[in-house]
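Asker: So the chains spell out like this:
There are 2 protein chains.
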Amino acid sequence: MEIHEKFMQVAIELASENIKNGGGPFGAVIVCNGEVVGRGANRVTSNNDPTAHAEIMAIRDASSMLNRFDLSDCTLYTSCEPCPMCLGAIYWARIKNIYYGNTRADAAEIGFDDDYIYSEISLPLNRRSVAMTPMLRSKAIKTFYSWAMMLNKESY
Amino acid sequence: MEIHEKFMQVAIELASENIKNGGGPFGAVIVCNGEVVGRGANRVTSNNDPTAHAEIMAIRDASSMLNRFDLSDCTLYTSCEPCPMCLGAIYWARIKNIYYGNTRADAAEIGFDDDYIYSEISLPLNRRSVAMTPMLRSKAIKTFYSWAMMLNKESY
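These protein sequence lines map, in sequence, to chains W and V.
Under my numbering, read the first sequence as residues 1 to 156, first letter to last.
Under my numbering, read the second sequence as residues 1 to 156, first letter to last.
Read the hints as simulated data drawn from the structure, not as lab findings.
Every residue gets a Cβ at the ideal spot worked out from N, C-alpha and C, and that includes glycine.
Any given hint might turn out to be false.
[Unchecked claim] Within a straight-line C-alpha distance of at most 30 Å, the following computed DSS-like cross-link-like pairs (lysine-lysine) qualify:
#: 1; chain 1: V; residue 1: Lys142; chain 2: W; residue 2: Lys20
#: 2; chain 1: W; residue 1: Lys20; chain 2: V; residue 2: Lys153
#: 3; chain 1: W; residue 1: Lys139; chain 2: V; residue 2: Lys96
#: 4; chain 1: V; residue 1: Lys139; chain 2: V; residue 2: Lys153
#: 5; chain 1: V; residue 1: Lys96; chain 2: W; residue 2: Lys142
#: 6; chain 1: W; residue 1: Lys96; chain 2: W; residue 2: Lys6
#: 7; chain 1: W; residue 1: Lys6; chain 2: V; residue 2: Lys142
#: 8; chain 1: W; residue 1: Lys142; chain 2: V; residue 2: Lys6
#: 9; chain 1: W; residue 1: Lys96; chain 2: V; residue 2: Lys139
#: 10; chain 1: V; residue 1: Lys96; chain 2: W; residue 2: Lys153
#: 11; chain 1: W; residue 1: Lys142; chain 2: V; residue 2: Lys20
#: 12; chain 1: W; residue 1: Lys139; chain 2: V; residue 2: Lys6
#: 13; chain 1: V; residue 1: Lys20; chain 2: W; residue 2: Lys139
[Unchecked claim] Listed next, with one range per pair, are the computed distances between beta-carbon atoms:
#: 14; chain 1: W; residue 1: Tyr156; chain 2: V; residue 2: Asn152; range: 27 to 35 Å
#: 15; chain 1: W; residue 1: Ser72; chain 2: V; residue 2: Glu35; range: 18 to 26 Å
#: 16; chain 1: W; residue 1: Lys153; chain 2: V; residue 2: Glu13; range: 31 to 39 Å
#: 17; chain 1: W; residue 1: Ala148; chain 2: V; residue 2: Ser146; range: 44 to 52 Å
#: 18; chain 1: W; residue 1: Arg94; chain 2: V; residue 2: Met149; range: 33 to 41 Å
#: 19; chain 1: W; residue 1: Ser72; chain 2: V; residue 2: Glu13; range: 27 to 35 Å
#: 20; chain 1: W; residue 1: Asn126; chain 2: V; residue 2: Cys32; range: 22 to 30 Å
Could you put together the complete structure from these sequences and hints?
Answerer: What follows is the structure, given as structure tokens:
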């Protein structure tokens with residue numbers, strides 16, 4: 001467990017440093033074969049990018065470093081339980097192991113919407129606060145058929 | 001409704017073009033005051049970035065173009081119902097209106113994991129296929145306290 005605590009400590013330090021640099025209190029690292037291959041901190045307000053959460057930044061950093069989108073042999077250490085956006089990214093990156101520090105309830109207590117977004121995402125489409133309107137499926141589905149019939153495509 | 005169909009058509013065309021350019025069959029546009037301010041297409045395999053879904057790319061493009069992370073006055077048109085990662089990003093960007101073409105069930109039929117990830121995210125932490133282990137909360141929470149006590153921080 002000591003090695004995991006060492007990497008978690010790095011994630012927490014990234015969060016702490018990030019506050020001093022004008023960012024939010026969140027940090028994350030991705031480890032592959034015992035080495036840090038990706039680092040991230042929350043840069044939403046400083047980069048004007050609502051997707052710039054620590055975990056997203058770390059995943060993009062690791063994918064760039066390793067030159068692959070499949071991080072199934074990697075472990076993520078994050079200073080806070082991932083929000084739904086970041087958890088979705090973790091599944092797409094196929095990461096199987098996450099260590100986290102603070103909880104979504106802790107995040108809610110200091111004003112972040114993680115817990116609210118979790119509850120919204122679990123609702124049926126017509127009960128969410130975001131209006132979701134279906135449109136032109138008959139045209140959109142043709143792109144799916146084209147994709148499905150392609151040979152030599154890179155699936156994921 | 002005609003104006004909405006016009007923008008959805010642009011999103012579908014981005015998806016269709018993207019297939020020809022080696023990407024996945026997904027496209028999205030963001031509209032503000034009747035103008036397209038962000039465009040995106042799925043570049044996961046071509047960019048080696050598991051977060052490079054059409055909606056994420058469009059949100060990052062619009063935020064960069066408008067120089068702000070709050071897109072609450074914008075509308076998103078996407079060729080497919082957003083996955084949990086992208087829906088999370090939509091909430092963080094505060095977008096209130098989404099129009100979508102294909103459904104998550106359509107995406108599942110051509111081999112994409114959206115529906116599976118929705119079911120995983122709604123589960124309690126200990127029942128997910130990704131292992132989530134709490135660690136060093138007592139240290140991590142100090143970064144939250146530091147943030148909470150800061151004056152003049154930019155909250156979101």
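Asker: Hints first: check each against the structure and report whether it holds.
Answerer: Taking the hints in turn, this is what the structure says about them:
no. : hint                             : result
1   : V:Lys142 to W:Lys20              : holds, 14 Å
2   : W:Lys20 to V:Lys153              : holds, 11 Å
3   : W:Lys139 to V:Lys96              : holds, 24 Å
4   : V:Lys139 to V:Lys153             : holds, 21 Å
5   : V:Lys96 to W:Lys142              : holds, 27 Å
6   : W:Lys96 to W:Lys6                : holds, 19 Å
7   : W:Lys6 to V:Lys142               : holds, 17 Å
8   : W:Lys142 to V:Lys6               : holds, 17 Å
9   : W:Lys96 to V:Lys139              : holds, 24 Å
10  : V:Lys96 to W:Lys153              : violated, 34 Å
11  : W:Lys142 to V:Lys20              : holds, 14 Å
12  : W:Lys139 to V:Lys6               : holds, 12 Å
13  : V:Lys20 to W:Lys139              : holds, 17 Å
14  : W:Tyr156 to V:Asn152: 27 to 35 Å : violated, 43 Å
15  : W:Ser72 to V:Glu35: 18 to 26 Å   : violated, 41 Å
16  : W:Lys153 to V:Glu13: 31 to 39 Å  : violated, 19 Å
17  : W:Ala148 to V:Ser146: 44 to 52 Å : holds, 51 Å
18  : W:Arg94 to V:Met149: 33 to 41 Å  : holds, 38 Å
19  : W:Ser72 to V:Glu13: 27 to 35 Å   : holds, 34 Å
20  : W:Asn126 to V:Cys32: 22 to 30 Å  : holds, 25 Å
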